[in-house]
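Trainee: Keeping their order, the protein sequence lines are chains A and B. All the letters of the first sequence, read from the start, carry residue numbers 1 to 277 under the UniProt record's numbering. All the letters of the second sequence, read from the start, carry residue numbers 1 to 277 under the UniProt record's numbering.
Note that these hints are calculated values from the structure, not bench results. Small disclaimer: the values here were computed from a predicted structure and weren't measured. Among the clues, some could well be false.
[Said to hold, decoys possible] Straight-line Cα separation of at most 25 Å, DMTMM-like style, residue types lysine to aspartate or glutamate; simulated pairs: (1) Lys2(B) with Glu183(A); (2) Lys140(A) with Asp34(B); (3) Lys179(B) with Glu78(A); (4) Lys138(B) with Glu233(B); (5) Lys138(B) with Glu78(B); (6) Lys148(A) with Glu183(A); (7) Lys5(B) with Glu98(A); (8) Lys249(A) with Glu233(A); (9) Lys140(B) with Glu58(A); (10) Lys179(B) with Glu233(B); (11) Lys138(B) with Glu78(A); (12) Lys138(B) with Glu114(A).
Here's the letter readout for the chains.
Number of protein chains: 2
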Amino acid sequence: MKTLKDMGEHNAIAALTANLKAVGDDCAVLPLDDQYDLILTSDPLIENVHFFSETPPERIGHKAVCRVLSDFAAMGAEPQYLVVNVVASPAQDFQTLERIYAEFSSLWEIYGAEVVGGDLAQGPVLELHVFGVGRVPKGKALLRSGAKSGDHIYVTGPLGCSQQTGKQFRFEPRLEWAKELRESGTVTAMMDVSDGLATDLRHILKASGVGAELDSSEIPRVGTLEEALYDGEDFELLFTSPAEFDFPKVGTITGNTEELLLDGNPLKAKAFEHFRK
Amino acid sequence: MKTLKDMGEHNAIAALTANLKAVGDDCAVLPLDDQYDLILTSDPLIENVHFFSETPPERIGHKAVCRVLSDFAAMGAEPQYLVVNVVASPAQDFQTLERIYAEFSSLWEIYGAEVVGGDLAQGPVLELHVFGVGRVPKGKALLRSGAKSGDHIYVTGPLGCSQQTGKQFRFEPRLEWAKELRESGTVTAMMDVSDGLATDLRHILKASGVGAELDSSEIPRVGTLEEALYDGEDFELLFTSPAEFDFPKVGTITGNTEELLLDGNPLKAKAFEHFRK
Numbered sequence: 001m002k003t004l005k006d007m008g009e010h011n012a013i014a015a016l017t018a019n020l021k022a023v024g025d026d027c028a029v030l031p032l033d034d035q036y037d038l039i040l041t042s043d044p045l046i047e048n049v050h051f052f053s054e055t056p057p058e059r060i061g062h063k064a065v066c067r068v069l070s071d072f073a074a075m076g077a078e079p080q081y082l083v084v085n086v087v088a089s090p091a092q093d094f095q096t097l098e099r100i101y102a103e104f105s106s107l108w109e110i111y112g113a114e115v116v117g118g119d120l121a122q123g124p125v126l127e128l129h130v131f132g133v134g135r136v137p138k139g140k141a142l143l144r145s146g147a148k149s150g151d152h153i154y155v156t157g158p159l160g161c162s163q164q165t166g167k168q169f170r171f172e173p174r175l176e177w178a179k180e181l182r183e184s185g186t187v188t189a190m191m192d193v194s195d196g197l198a199t200d201l202r203h204i205l206k207a208s209g210v211g212a213e214l215d216s217s218e219i220p221r222v223g224t225l226e227e228a229l230y231d232g233e234d235f236e237l238l239f240t241s242p243a244e245f246d247f248p249k250v251g252t253i254t255g256n257t258e259e260l261l262l263d264g265n266p267l268k269a270k271a272f273e274h275f276r277k
Numbered sequence: 001m002k003t004l005k006d007m008g009e010h011n012a013i014a015a016l017t018a019n020l021k022a023v024g025d026d027c028a029v030l031p032l033d034d035q036y037d038l039i040l041t042s043d044p045l046i047e048n049v050h051f052f053s054e055t056p057p058e059r060i061g062h063k064a065v066c067r068v069l070s071d072f073a074a075m076g077a078e079p080q081y082l083v084v085n086v087v088a089s090p091a092q093d094f095q096t097l098e099r100i101y102a103e104f105s106s107l108w109e110i111y112g113a114e115v116v117g118g119d120l121a122q123g124p125v126l127e128l129h130v131f132g133v134g135r136v137p138k139g140k141a142l143l144r145s146g147a148k149s150g151d152h153i154y155v156t157g158p159l160g161c162s163q164q165t166g167k168q169f170r171f172e173p174r175l176e177w178a179k180e181l182r183e184s185g186t187v188t189a190m191m192d193v194s195d196g197l198a199t200d201l202r203h204i205l206k207a208s209g210v211g212a213e214l215d216s217s218e219i220p221r222v223g224t225l226e227e228a229l230y231d232g233e234d235f236e237l238l239f240t241s242p243a244e245f246d247f248p249k250v251g252t253i254t255g256n257t258e259e260l261l262l263d264g265n266p267l268k269a270k271a272f273e274h275f276r277k
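Please construct the entire structure, taking both the sequences and the accompanying hints into account.
Mentor: Right, dumping it as structure tokens:
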């Protein structure tokens, strides 16, 4: 019997969705009307996996919603509505849920994405499943698949140590920057850094059929280079463009399909993956 | 410390969503464009709550998706896209997930609602969180709030014993009938029967500010009258209209706000509610 532990998260998702509409970017992009494409995404936040019983409720609510908002940023899209499924045990302290929902309201005021529905059901641990609905001007969503040899590689902020610094619970989804980058018309590929620069850049390389060379001295970091490359949950934007931007330029796209070099040497793969830890 | 068990599901949802956009129908209805309103809904399906380890994977997949499709039917709306969060333990047998996803594909062929994205995360038990996106002609969604004194009360099929008969895992979402009922232009209120006729009708009475008198001899049932009134998960449509329809007519709407009579006597409240069992 093959288990999820045997397969790992990414293989399992690939196998399950092989017969379904292509799912590979941060959000699904679907036709809506003459002006806009519909953007859909979802993220689960699960106790003992993504947060712990001592995490303040506001931080839980922030991470649950802002992970989804960051998915919209990753596409250069505008989030509009959120639907939230809460799972909790009968012994769940109600005030914790009230504080989580109060945070949802605060985030609505900042980012304009409103919780419009959801459900509450019984389960063994506290979970928040946030579904997001939004839009992007027709055909303008920024995908992972457009990077071209010679493009610069940018990140929007320092990477690494998001657990130690608490950034994983306080990060700002880069919606404004994402919109500006999309409107520049020069960004060829974009995503958010959720699994670490080394892992996430590989998604762009694979989707675009290109390679990349990173320059370690240019990677903005909080801790060590190792942490900047492999820690996850930074939620900065990672994008490629032939144009100049006032963001840290960490490397260059090459024509060597799926080859990832750091200072001229092959970079090893290593990343957090659900079920394999 | 007040817990979810102290409050019960309905009070908890009401309290949490008090400051958010009104959430009270089966789906949220939001402005989309000149022609259509956007319809959003979500339902969780949780092991040991909504299904058990011995439930065949196809039945789990069916219930997960068709509960959401039934929410669309409840509004007279058309489901278009589904996003699914799967939660599972590392020891989860992968074939079970493959069979669940194969059922999603079968249901797509029948009902036209396609799984376009989602996530897979680690947790203690198997869960499926299905989020649905769809549409309805502008201003035409059937709500719970339009029932008027003198309307007939209809249900679309026999009620009760859905656990014993297995209907809870095999029901057909009444999308076709729902569309016809909406297009008739005569339906004043509608929802699906998920918590039992007695409980769900009270939602219509409350939302519409009316009362109702049920005629026990007219309630189509699989088992006893008690089971037809209080069992849940029938997923038939419950609707009110002044017009004649070829569906079982189980009672009449009255002007006595929130008074629910069965054969002339007050009907007691009793229903499955999460956290209170």
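Trainee: So, for every hint listed, does it hold in this structure?
Mentor: Right, here's what the structure says about each hint:
{"no.": "1", "hint": "Lys2(B) with Glu183(A)", "in the structure": "49 Å, violated"}
{"no.": "2", "hint": "Lys140(A) with Asp34(B)", "in the structure": "22 Å, holds"}
{"no.": "3", "hint": "Lys179(B) with Glu78(A)", "in the structure": "31 Å, violated"}
{"no.": "4", "hint": "Lys138(B) with Glu233(B)", "in the structure": "29 Å, violated"}
{"no.": "5", "hint": "Lys138(B) with Glu78(B)", "in the structure": "12 Å, holds"}
{"no.": "6", "hint": "Lys148(A) with Glu183(A)", "in the structure": "19 Å, holds"}
{"no.": "7", "hint": "Lys5(B) with Glu98(A)", "in the structure": "15 Å, holds"}
{"no.": "8", "hint": "Lys249(A) with Glu233(A)", "in the structure": "20 Å, holds"}
{"no.": "9", "hint": "Lys140(B) with Glu58(A)", "in the structure": "38 Å, violated"}
{"no.": "10", "hint": "Lys179(B) with Glu233(B)", "in the structure": "21 Å, holds"}
{"no.": "11", "hint": "Lys138(B) with Glu78(A)", "in the structure": "22 Å, holds"}
{"no.": "12", "hint": "Lys138(B) with Glu114(A)", "in the structure": "20 Å, holds"}
Hints 1, 3, 4 and 9, counting from the list given before, are not met by this structure.
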